[in-house]
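Novice: Chains as they are written, first to last, in my numbering: chain X, 2 to 331; chain U, 79 to 290.
I should point out that these hints are in silico values taken from the structure, not numbers from a laboratory. Every clue listed holds true.
Capping the alpha-carbon separation at 27 angstroms, the derived lysine-lysine pairs in DSS-like fashion look like this:
hint, chain 1, residue 1, chain 2, residue 2
1, U, Lys99, X, Lys49
2, X, Lys49, X, Lys68
3, U, Lys99, U, Lys86
4, X, Lys49, X, Lys64
5, U, Lys86, X, Lys310
6, X, Lys68, X, Lys142
To spell it out: a stretch of chain U is covered by chain X in this simulated footprint if at least three of its residues, at any positions, have a beta carbon under 8 angstroms from a beta carbon of chain X; those stretches are:
hint, region
7, 83-95
8, 98-107
Note that the Cβ used here is the ideal one computed from N, Cα and C, for glycine as well.
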Amino acid sequence: MIEALPLWLLVAIKSLVLLIIVITLFAYTMLAERKVLAYMQLRVGPNKVGPWGLLQPAADALKMIFKEDLTPSSADPLIYRLAPFIAVFTALLAYAVIPFSQGEHGPWSIANVNAGILFVFAITSMGVYGISLAGWASGSKYPLLGSVRATAQMISYELAMTMSVIGVILQASTTSLSGIVEAQSRMWFIVPQFLGFLIYIITAVAETNRVPFDLVEAESELVAGFHTEYSGLRFGLFFIAEYINMITVSCLATLLFLGGWSGPGSSGHPLLGLLYFVIKVFAFLFFYIWLRGTLPRLRYDRLMAFGWKVLLPLATLNLLVTAIVVALWY
Amino acid sequence: MNIIAIFKGLATTFGYMFRRKATIDYPFVKRAHASRFHGLHELRRYEDGMERCIGCELCQIACPANAITVIGAENTPEDRHSPGERYAFRYEIDELRCIFCGMCEEACPTDAITLTPRFEMANYTRNSLIYDKSKLLVPAEYGVGEAPHERPGGLPADLGEVARIKSTMEPERGYLATWRGIDILTSEGKTYMPTPAGGELVREPEKLKGGE
Numbered sequence: 002m003i004e005a006l007p008l009w010l011l012v013a014i015k016s017l018v019l020l021i022i023v024i025t026l027f028a029y030t031m032l033a034e035r036k037v038l039a040y041m042q043l044r045v046g047p048n049k050v051g052p053w054g055l056l057q058p059a060a061d062a063l064k065m066i067f068k069e070d071l072t073p074s075s076a077d078p079l080i081y082r083l084a085p086f087i088a089v090f091t092a093l094l095a096y097a098v099i100p101f102s103q104g105e106h107g108p109w110s111i112a113n114v115n116a117g118i119l120f121v122f123a124i125t126s127m128g129v130y131g132i133s134l135a136g137w138a139s140g141s142k143y144p145l146l147g148s149v150r151a152t153a154q155m156i157s158y159e160l161a162m163t164m165s166v167i168g169v170i171l172q173a174s175t176t177s178l179s180g181i182v183e184a185q186s187r188m189w190f191i192v193p194q195f196l197g198f199l200i201y202i203i204t205a206v207a208e209t210n211r212v213p214f215d216l217v218e219a220e221s222e223l224v225a226g227f228h229t230e231y232s233g234l235r236f237g238l239f240f241i242a243e244y245i246n247m248i249t250v251s252c253l254a255t256l257l258f259l260g261g262w263s264g265p266g267s268s269g270h271p272l273l274g275l276l277y278f279v280i281k282v283f284a285f286l287f288f289y290i291w292l293r294g295t296l297p298r299l300r301y302d303r304l305m306a307f308g309w310k311v312l313l314p315l316a317t318l319n320l321l322v323t324a325i326v327v328a329l330w331y
Numbered sequence: 079m080n081i082i083a084i085f086k087g088l089a090t091t092f093g094y095m096f097r098r099k100a101t102i103d104y105p106f107v108k109r110a111h112a113s114r115f116h117g118l119h120e121l122r123r124y125e126d127g128m129e130r131c132i133g134c135e136l137c138q139i140a141c142p143a144n145a146i147t148v149i150g151a152e153n154t155p156e157d158r159h160s161p162g163e164r165y166a167f168r169y170e171i172d173e174l175r176c177i178f179c180g181m182c183e184e185a186c187p188t189d190a191i192t193l194t195p196r197f198e199m200a201n202y203t204r205n206s207l208i209y210d211k212s213k214l215l216v217p218a219e220y221g222v223g224e225a226p227h228e229r230p231g232g233l234p235a236d237l238g239e240v241a242r243i244k245s246t247m248e249p250e251r252g253y254l255a256t257w258r259g260i261d262i263l264t265s266e267g268k269t270y271m272p273t274p275a276g277g278e279l280v281r282e283p284e285k286l287k288g289g290e
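When you get a sec, could you build the whole thing from the sequences and use the hints?
Specialist: Structural data, given as structure tokens:
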């Protein structure tokens, strides 16, 4: 029955379903973050809207929608209004190629691209445009500082991140995301690529501008960083973009290092595979929240020094060793 | 960067997730007061229904915040309010000025003005927080009022006009919250008592006295 549908309709339906799932996931990641942070600080977190605060995201969304959408008079109106959409668009676009499980006719994804990992990295690096344009177009100093930091930080950490992932690509000898997962059928890449995994995790936190690398927002220094001037739904869009990026890098970490949907008894059972995938992604998301509940923000010069003097050399070393091993023994 | 310190920190925050939370679910669960908590004022009566206040204005003089205004008047045989010569013709307390120090209570020669343990008096206008005799004086049907030393750890026998206004909320939640005692009603209908050691003691709520 599914084969009878025209391709564009199939893709549209898949995209819509995935969009709804991702947005819901965003909402509940946010709630989970508030809850877990609260529990780590001996509070109970949101608990008034619905049982255990489960309807809190709906209340937040309503609040966002009905807030006034301000544009500062010194802002560049077109780019100021466009920036949040760039942020969300690039954040969502990565889900076009991310596979979630292995079905009979191929991986469960909107498009099974043979250069999936390259596509994801190309798209996610565009995400910095949303942030830097937002800061620049706000026409005010704190957003500008925030966006300058964002640009510098994301470019420096993206190098190390890509380097760490090239190790995985070399070992799997494919750039297709489902191919990388299949290459992990014997052993998850977290074992041979442990250094790469560590580097990926650290840089992923920096890429998504999360604590302890949230220099971009840095409440105590920059008011709210690049989105200081934003309010209402446009602020909400940045919020969505940040959390969706967080979910994206968690999905990637799962696919690249933790064997994606593979797990005991998952071959031939796509739903079980999906469950494994979701559990692994949630573990990463929890780790992000956990980090936020624990670590203070890095100083800016240390952030840059750590990125260029520690992570990048380590990633290069990892890449070299992987290349030599793959060339000699595979 | 000290990696071990980071892992110690992560372990600490993870452990804290499973500790008992410090939050008190306020409107549903209420924190106990100290046994001599200073809350809203109340003007008491004698057993025969006479007002205790004799309009001497000592509370007004004692008040460090100038929150009290008393205008006394002579009692007449036809219109007798208090056993003495004079009574409070007007008695007003600006609860927004009041600092709840309890000096009016100490100054009062007839134990007329007392501070009850009630504290939830938020309102929308400043005027509504200037409490006059109609709000302060214990209505006759609610008894005579109790001085703080007469109500150790329990609900006052009367509830007064102030409390009656508050009784628009659910009484078994509202009144218990303003006990002089140490108990808190939880949403499960049990009372929860924080002890100095940080432990907790749960017991059934006591039967409420007075009020609707």
